[in-house]
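S.K.: Chains as they are written, first to last, in our numbering: chain A, -11 to 317; chain B, -11 to 317; chain C, -11 to 317; chain D, -11 to 317.
Everything labelled a hint here was simulated from the structure, so no lab data went into it.
Worth double-checking, as some hints may not be accurate.
Each computed SDA-like pair below joins lysine to any residue, with the alpha-carbon atoms no more than 20 Å apart [unchecked claim]: (1) 315/D <-> 99/D; (2) 120/B <-> 249/A; (3) 120/A <-> 120/B; (4) 120/C <-> 85/D; (5) 80/C <-> 68/C.
There are 4 protein chains.
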Amino acid sequence: MHEIAIFGAGRIGSVHAANIAAHSMCNLAGIVDPDFEAADRLAGAYGTEVRSADSVFGDVDIEAVFIVSATDTHADLIEVAARAGKQIFCEKPVDLSVARVKDCLAVVDTAGVQIMVGFNRRFDPDFSELRKRIHVGEIGTLELLSIISKDPVPPSLKIAEASGGLFRDMTIHDFDMVRFLLGEEPIAVSVTASCQVDSAIGALSDVDTAVVSLRSASGKLAVIVNSRRATYGYDQRIEAHGSNGMLSVGNRAESSLVRADADGITGSKPLYFFLERYALAYRAELDCFLEGLESGKMQAPNGVDGLAALVLAEAAVESLAAGREVKLD
Amino acid sequence: MHEIAIFGAGRIGSVHAANIAAHSMCNLAGIVDPDFEAADRLAGAYGTEVRSADSVFGDVDIEAVFIVSATDTHADLIEVAARAGKQIFCEKPVDLSVARVKDCLAVVDTAGVQIMVGFNRRFDPDFSELRKRIHVGEIGTLELLSIISKDPVPPSLKIAEASGGLFRDMTIHDFDMVRFLLGEEPIAVSVTASCQVDSAIGALSDVDTAVVSLRSASGKLAVIVNSRRATYGYDQRIEAHGSNGMLSVGNRAESSLVRADADGITGSKPLYFFLERYALAYRAELDCFLEGLESGKMQAPNGVDGLAALVLAEAAVESLAAGREVKLD
Amino acid sequence: MHEIAIFGAGRIGSVHAANIAAHSMCNLAGIVDPDFEAADRLAGAYGTEVRSADSVFGDVDIEAVFIVSATDTHADLIEVAARAGKQIFCEKPVDLSVARVKDCLAVVDTAGVQIMVGFNRRFDPDFSELRKRIHVGEIGTLELLSIISKDPVPPSLKIAEASGGLFRDMTIHDFDMVRFLLGEEPIAVSVTASCQVDSAIGALSDVDTAVVSLRSASGKLAVIVNSRRATYGYDQRIEAHGSNGMLSVGNRAESSLVRADADGITGSKPLYFFLERYALAYRAELDCFLEGLESGKMQAPNGVDGLAALVLAEAAVESLAAGREVKLD
Amino acid sequence: MHEIAIFGAGRIGSVHAANIAAHSMCNLAGIVDPDFEAADRLAGAYGTEVRSADSVFGDVDIEAVFIVSATDTHADLIEVAARAGKQIFCEKPVDLSVARVKDCLAVVDTAGVQIMVGFNRRFDPDFSELRKRIHVGEIGTLELLSIISKDPVPPSLKIAEASGGLFRDMTIHDFDMVRFLLGEEPIAVSVTASCQVDSAIGALSDVDTAVVSLRSASGKLAVIVNSRRATYGYDQRIEAHGSNGMLSVGNRAESSLVRADADGITGSKPLYFFLERYALAYRAELDCFLEGLESGKMQAPNGVDGLAALVLAEAAVESLAAGREVKLD
């Protein structure tokens, strides 16, 4: 049994707590959160206890930590955890600064521990099947990837302010999907974007609607279409176009009921948001982490993947500001 | 914690064992099966032990039993269990004989215990949602129910022989769905059927392809279309047609991937068979059983429902033999 | 150029007039209708003239007549036309009485002319493609045919009274489709039906909702599901289930626009009724008739097909009344 | 009756000839083409005659000309036609040079005749319905337009050489759709593109796979995804995302047949190419032109629209070369 403690008792912390508690290969060894009440509620729900950070890091029985707290705490916690010899799962992003992420990963490296970054979409059954089928050549040579990725509702102002902006907060998942599926690293990023959904986002010099184009060395293209609001729910679709055909993954509906009446033929909306759409993915993500613990070799997405997606996000920010394509080294 | 023992370590026994073991409100208290090896394997997988029937019935800590063994053992086990004061879950059918089922339910009644019959499809999220939406009047007055229900492959000869025939074995689920959804009891059954899939089935004087029509007192109609083989997988669809529109539930696909190429636009097949399609339903069925234990009031489908579906199956057998509509009392 | 006159200036007469007028191989030689105003309107629209029946039958330049007038005039007109040596297209049904149809076809035979009966659905591109693909063995051996056939609105009382009832008026098209697709003649018919849509229909001792099952000598099954009302439009779907798979034809939507919003994912309704859904079929039907004129060999559906479908309709009437399966000779 | 002559007896000339010949409001007054054989074939098919350009321009009975010849002949023919007082329909593009188009439109203006440019997609029933529904506010404020536009096969080398490149030849249609649907003029264009389909295209310094992003003054975004090859047929889809929902138009399938078998659930491909997909659009386009003749006021798309789309294409060429967003005045 792998003993795992969680830092962060919020919405996503609850998801991980439930999965860890239910998994036959691991044990939920405690919850850490400055908000004691939240930590206590979550600990109570899964029969574990509230712990202090020090108590977790000092406990030799705890093998791994899930860092799913506020973004600005990730890097510090990773470094302390690494020095304490803990294996690490960290929600994206590792940090909002590329430099800080590099430092942080160096510490992890030195400590000889492993880190997995929570790019949950890689573990969605449809997307991982998509990758498999692209890679076995089902559509010949992949030429063009289209990712539609829209949230149902914009973030609160507070969350938007701390988010690092659309590209570091939301598009970062799509950047990771491009890297996951394209089979080559992007070498150039180009952005067209605006603020149309919520003027408060614009007041932060941020955007809420964007088209991001990417290009690989061999000329493969990818396009990401983002909006911070889709009244019909979480819109998460991918099309992979190749020399021999196209593979696409659509949204997953809340139910398969369809009503036909005088107003038309109406099916249900997509699952509401990431907690619903990626419920299976979060479970498979934990499986992957546990396999990494067992084998001593963490499969992607690791720290390097976390860094690479952030580098693309920074390039997007720069492209928007400069009105030109930004090349990556 | 409700202590529950399982009679039957076969395929469906494994499903129930997994759900009981994982549920926070009950405990898996043992597996009973004449095939010791199978029982041992299953017990081992979920950290419980192989028990004898006597030991289960004599154990006052065991509150309930799941009877999911061979059909011809159901009635006897139900009676013994009832007399031992156990709450009972029984897979369909209770028995292949209407008379035997009536006797059996009388014993249950006398013993003052409750029985739930495993009509799993009622617990499918889409079908239960369908019922709710019919009943709130979303399509006005329900007039016509169409149930398409086909298995991916015919049963083995051995299973077919013991099954009681298509109507008692397979259509019985659809009869229950008619009762579940129609809002009125069927008063007449009419069958057109033949043996086209497997001549071995015909040699048993059984059929493998059937159209069954039903009628309620007020004139509501239902039609069930059955085949013992669908090369594209388990075909489980329902359409409810009413005065203000139609509600339909389609199959659930193995994945949402779609390939477009020179051969056309190809999506994945429906989930393969009942274990896959009704995985969620089996879990919700257990929830319902546990609620019945908690409240002391077992919600349908109970013994009466098990009997009613069997009566419809007998009427179907009679209709096929006589070439006419059979009326129910 | 084949000169063709039309008897009947109603809705369906207008469809045929438009197609004949636009076709490069024929010429619209006149309209006959006791309602002079209607005839005049139609003649004017397509640059032809109102004619009397005698003038048409006596005109040696007129090679063929389209009999698309009221049902109770069909048989008489066919006989006169046949005796006048005209080639005949007649809307279904030839007559509501099997005996009368037989007499009528004998006259046609004696006269040595040809007759085509307007089973328009055979000429729907999807249904004719369906037949082709069944017949080349794409789904192995055909075992089971499901036809869903619902009108958007019930007929007016006047039309219902003259219609001969649901089976002779509406189901007759579906009976023809069964014969068209099944590859074997039905030998037994079984009906479950009721009046749920309009009590005025029930007052005529007619039904408006029905399930009709058919069986061929080798055991192939077909089921027809009828309703006189579908609030979402004309519902015309067919599923053909075979030993190697299933082929299905769905409804054709008014447009391909789909709206996604907080209420769900809504596509447009099926095309409203037969004029819209079978517009292409009526054109292809004319092509077939003209080919029959050219080749001297009328392809099905001919008079025998018209008779066979009516025989099935009579069997359905009898099955409903007797509450049993009716066998055909 | 409007007398119309056609310049150009190629594939698209045949489409227009058929529509003009069949239309009740106009007459096909002759075919002009340096390839006499092609002209003769087409004239013969529709009962008209081969004419010289001079004879057409000098014929006072001819009111309008359809210029559907090779692109490099358009501008000259437009000018001569305008000076001869003919009303003009011209296939896109008017010319490959913005300067030449401006000169040409000045001549048209001076001559006081009208010109319509053949942006056929505006007349597709689904796309014109889409526009209507966007404009009545069905999805609130339009924020983001996604156009997927892929040809089934790349052009021949000869055609590619004369085409003016992907943006002037193929994307120009999509630029027009952006202008047609967005409700605001684009003010900036940004391109990411490569040659992946056919290296012969790359040898012409052209691209065959592209992502084009556009932005309007108020921040509305549009993205066009192009490929010169889609093995599954002509891919023509549009999504319009607004503050209250999304409207989308999908491909139209060759048939509505669906096969379910052990390989999955397979529907037919989209209609093969523009002649098939836009058959209805070409007819509606002619209606619009004739209404322009009748009313004396040509509705869009006119010469200004032809110019505006070409300006966007030039901006795309520049953006690709410069690696930056190009702003329009």
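S.K.: Determine for every hint whether it applies to the structure shown.
M.R.: Now the hints, each set against the structure:
Annotation: proposed proximity of residue 315/D to residue 99/D is violated, straight-line Cα distance about 33 Å (limit 20 Å). Distance restraint check for residue 120/B and residue 249/A: the Cα-Cα separation of roughly 17 Å lies within the 20 Å cut-off, and the hinted pair is therefore satisfied. Between residue 120/A and residue 120/B, the direct Cα distance comes to roughly 39 Å. Violation of the 20 Å bound is thereby established for this hinted pair. The straight-line distance between the Cα atoms of residue 120/C and residue 85/D is roughly 51 Å, outside the 20 Å bound, and the hint therefore fails.
Between residue 80/C and residue 68/C the CA atoms are separated by roughly 18 Å; this keeps the pair inside 20 Å, and the hint holds.
Of the numbered hints listed earlier, those contradicted by the structure are 1, 3, 4.
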